[in-house]
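There are 2 protein chains.
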Amino acid sequence: MVRQGAIDNPPKVPFVMGFECAGEVEAIGEAVEDLKIGDRVIAVTDYRAWAESVCVPAQFVYKMPAGMTFQDGAAFFMNYVTAYVLLFEIGNLRPGQSVLVHSAGGGVGTALCQLCKTVENVTVFGTASTQKHEALKDKLDHLYDHGVDYSQEIRKISPDGVDVVLDCLCGEDTNKGISILKPLGRYVLFGSSNVVTGETKSFFSFAKSWWHVDKISPIKLYDENKIIAGFHLRELLFKQRRHDFVRRLVGTLFDLYTAGKIRPQIDSVWAFDDVILAMQRMHDRANVGKIVLDPSIESKQQETIHLNLTLVTLQCQAPSDADQSTNAPTAAPKTPRTT
Amino acid sequence: MVRQGAIDNPPKVPFVMGFECAGEVEAIGEAVEDLKIGDRVIAVTDYRAWAESVCVPAQFVYKMPAGMTFQDGAAFFMNYVTAYVLLFEIGNLRPGQSVLVHSAGGGVGTALCQLCKTVENVTVFGTASTQKHEALKDKLDHLYDHGVDYSQEIRKISPDGVDVVLDCLCGEDTNKGISILKPLGRYVLFGSSNVVTGETKSFFSFAKSWWHVDKISPIKLYDENKIIAGFHLRELLFKQRRHDFVRRLVGTLFDLYTAGKIRPQIDSVWAFDDVILAMQRMHDRANVGKIVLDPSIESKQQETIHLNLTLVTLQCQAPSDADQSTNAPTAAPKTPRTT
Numbered sequence: 001m002v003r004q005g006a007i008d009n010p011p012k013v014p015f016v017m018g019f020e021c022a023g024e025v026e027a028i029g030e031a032v033e034d035l036k037i038g039d040r041v042i043a044v045t046d047y048r049a050w051a052e053s054v055c056v057p058a059q060f061v062y063k064m065p066a067g068m069t070f071q072d073g074a075a076f077f078m079n080y081v082t083a084y085v086l087l088f089e090i091g092n093l094r095p096g097q098s099v100l101v102h103s104a105g106g107g108v109g110t111a112l113c114q115l116c117k118t119v120e121n122v123t124v125f126g127t128a129s130t131q132k133h134e135a136l137k138d139k140l141d142h143l144y145d146h147g148v149d150y151s152q153e154i155r156k157i158s159p160d161g162v163d164v165v166l167d168c169l170c171g172e173d174t175n176k177g178i179s180i181l182k183p184l185g186r187y188v189l190f191g192s193s194n195v196v197t198g199e200t201k202s203f204f205s206f207a208k209s210w211w212h213v214d215k216i217s218p219i220k221l222y223d224e225n226k227i228i229a230g231f232h233l234r235e236l237l238f239k240q241r242r243h244d245f246v247r248r249l250v251g252t253l254f255d256l257y258t259a260g261k262i263r264p265q266i267d268s269v270w271a272f273d274d275v276i277l278a279m280q281r282m283h284d285r286a287n288v289g290k291i292v293l294d295p296s297i298e299s300k301q302q303e304t305i306h307l308n309l310t311l312v313t314l315q316c317q318a319p320s321d322a323d324q325s326t327n328a329p330t331a332a333p334k335t336p337r338t339t
Numbered sequence: 001m002v003r004q005g006a007i008d009n010p011p012k013v014p015f016v017m018g019f020e021c022a023g024e025v026e027a028i029g030e031a032v033e034d035l036k037i038g039d040r041v042i043a044v045t046d047y048r049a050w051a052e053s054v055c056v057p058a059q060f061v062y063k064m065p066a067g068m069t070f071q072d073g074a075a076f077f078m079n080y081v082t083a084y085v086l087l088f089e090i091g092n093l094r095p096g097q098s099v100l101v102h103s104a105g106g107g108v109g110t111a112l113c114q115l116c117k118t119v120e121n122v123t124v125f126g127t128a129s130t131q132k133h134e135a136l137k138d139k140l141d142h143l144y145d146h147g148v149d150y151s152q153e154i155r156k157i158s159p160d161g162v163d164v165v166l167d168c169l170c171g172e173d174t175n176k177g178i179s180i181l182k183p184l185g186r187y188v189l190f191g192s193s194n195v196v197t198g199e200t201k202s203f204f205s206f207a208k209s210w211w212h213v214d215k216i217s218p219i220k221l222y223d224e225n226k227i228i229a230g231f232h233l234r235e236l237l238f239k240q241r242r243h244d245f246v247r248r249l250v251g252t253l254f255d256l257y258t259a260g261k262i263r264p265q266i267d268s269v270w271a272f273d274d275v276i277l278a279m280q281r282m283h284d285r286a287n288v289g290k291i292v293l294d295p296s297i298e299s300k301q302q303e304t305i306h307l308n309l310t311l312v313t314l315q316c317q318a319p320s321d322a323d324q325s326t327n328a329p330t331a332a333p334k335t336p337r338t339t
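Chain order of the listed sequences is C and F. Take 1 as the starting number for the first sequence in full-length UniProt numbering and just add one per residue. Take 1 as the starting number for the second sequence in full-length UniProt numbering and just add one per residue.
Chain C with its partners taken away, still in its complex shape (with noise of 0.2 Å):
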């Protein structure tokens, strides 16, 4: 979305992309007291995360588990933050419950089947492309084409509705997430920053179809006995700065990394030379789940340009938002990153 410009306010041309990271510390602000050199650890940027060296205040950093790889790390935050917070935090999901997932192929979609399998006995049903169903077939419990009438379909199965219908996808899907919900069902329309992974093409229908989506009173919420929602990832992070509930998240996360409970789902790995061909894969909805760009690999096209692998300076910023100033700069190369 960031690269078509289907987003509000996009930065100014040229900048560069890139949300989430991971890689090696290289230098650390003065005033941060929990990370040091050569820790390995993801990091959440405000953009700018397709570099060879990032800087990023302390508190957007997260120290990686043992064992993680670069390329889990980069492809873990967006999605499993965003998974962890729609199935738990707003969709209090319970055993025995039901749960809609759409673009079941995408990062966040992979994602929010695992962590469904943590709760016993939760039927997921999901919608993704037809061209992804064999790839999908064992994550979830019912796959439909987005083309059919999936609320119908689901109907025969569960008369009463689902219990947690998770929508990245807006427009008409909203009206319907809300009507296919069991009495006390949660419905929460979503985004994160790594739609650009993902079915770009539903998101894009996100700002086309705004006027689609009916406007709701809390009296008809009480009258039926429903809960709607809605979840933004970065706007909770970057503005609503709610980065210590988003810490004890990630804690979590890491835990059931660590257990083997949840794992990346890495479509391919690309080198920053073949960008374009990492995009032109995701613009076509050719990926199940996330793809990785990685600057320590080699290019795959045969005109190889080869990056200048320099290290930038870069400041770090205490968690106390302390004096930038005092902080020594700081950079982690040679690491991946996700588009």
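Note that these hints are calculated values from the structure, not bench results. Treat the numbers as computed from the prediction; the structure is a model and nothing was measured. Warning: the hint list may mix true and false statements.
If several chains are the same, the list does not tell them apart, and a pair holds so long as it fits within one copy or across any two.
Each computed DSS-like pair below joins lysine-lysine, with the alpha-carbon atoms no more than 27 Å apart [what the hints assert, rightly or not]:
id : residue 1 : residue 2
1  : 239       : 176
2  : 182       : 215
3  : 182       : 156
4  : 220       : 239
5  : 261       : 63
6  : 239       : 182
7  : 117       : 63
8  : 117       : 182
9  : 220       : 12
10 : 156       : 239
11 : 176       : 156
12 : 261       : 220
13 : 182       : 220
14 : 156       : 220
15 : 12        : 300
16 : 12        : 239
17 : 215       : 239
18 : 156       : 137
19 : 176       : 215
20 : 137       : 182
Fit chain F to the supplied structure of chain C, relying on the hints for placement.
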């Protein structure tokens, strides 16, 4: 509200009011397996609870825990089930969070304050009529008259707002409640049959102020990371037929009662003859907690009209909705019921 006719589709007059009662089982239907004559029970009805004997389908009957009085039983179900769903099923209340409770002196308000204490370090903000503040001051952290600009007062203490807003007032309070939510905050509009025992004026405004409530686009919730919901217990129980779900909650609440963590606040107990005085007390908003009618006690009026306590035979229906014609009659006399 029922008494004032301020509800949708009121029953045709004359009819018997009352939605909940407690007493002994006098007779059971043939297909009823989990109850026996003499069991001390709470029963929930769709009207007709203000009577010496009540016939009720078995799925709306709950065996009281040992040690629960009939008066406590009659004041238990609507308040605590509503409060539990609001705080834990929808509100997803966590340690360290904050809650705003309107009509804190009402039946649900009192139950909410008690249930909040079962979670560590929860801050409770409340509104109530000034004359109730003395009786309530130890039950919550910050109490305001509803006439003051409570949202401004709350912002002075908690600039970010509150995590959970539980709104039985509706109208302009709905818009205020949604605007005072923290990121990921939950707003719930609710009602339950026990509104007749509580802040009648406030609930009356519910019907009148429909047009005050702004409709909300899910996209706005996405932009702001907010959750809005509605909850209506009688709808859930009698129309949406979520008996099993409610029965599980009642079990949890009975455990909390037995552990001494929750206890219905009973404002006063009245003979059936004194129902007019009981109603007047409620109408004057003089009660703090539940008003109970008890056919076993003597009238406080000088000219007592003695009640005829002859047993009335009545039918019970099996949970499986088996043929009612097979059910034997049953009755539960001389037991309290709430207004």
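Cross-check of the supplied hints:
no.: 1; hint: 239 - 176; in the structure: between (30 Å within a copy, 22 Å between copies)
no.: 2; hint: 182 - 215; in the structure: both (19 Å within a copy, 21 Å between copies)
no.: 3; hint: 182 - 156; in the structure: within (14 Å within a copy, 39 Å between copies)
no.: 4; hint: 220 - 239; in the structure: between (31 Å within a copy, 15 Å between copies)
no.: 5; hint: 261 - 63; in the structure: within (19 Å within a copy, 41 Å between copies)
no.: 6; hint: 239 - 182; in the structure: between (33 Å within a copy, 12 Å between copies)
no.: 7; hint: 117 - 63; in the structure: within (25 Å within a copy, 36 Å between copies)
no.: 8; hint: 117 - 182; in the structure: within (21 Å within a copy, 30 Å between copies)
no.: 9; hint: 220 - 12; in the structure: between (42 Å within a copy, 25 Å between copies)
no.: 10; hint: 156 - 239; in the structure: between (42 Å within a copy, 21 Å between copies)
no.: 11; hint: 176 - 156; in the structure: within (15 Å within a copy, 41 Å between copies)
no.: 12; hint: 261 - 220; in the structure: neither (39 Å within a copy, 34 Å between copies)
no.: 13; hint: 182 - 220; in the structure: both (14 Å within a copy, 23 Å between copies)
no.: 14; hint: 156 - 220; in the structure: within (25 Å within a copy, 32 Å between copies)
no.: 15; hint: 12 - 300; in the structure: neither (30 Å within a copy, 79 Å between copies)
no.: 16; hint: 12 - 239; in the structure: within (19 Å within a copy, 54 Å between copies)
no.: 17; hint: 215 - 239; in the structure: both (25 Å within a copy, 25 Å between copies)
no.: 18; hint: 156 - 137; in the structure: within (19 Å within a copy, 53 Å between copies)
no.: 19; hint: 176 - 215; in the structure: both (13 Å within a copy, 18 Å between copies)
no.: 20; hint: 137 - 182; in the structure: within (25 Å within a copy, 39 Å between copies)
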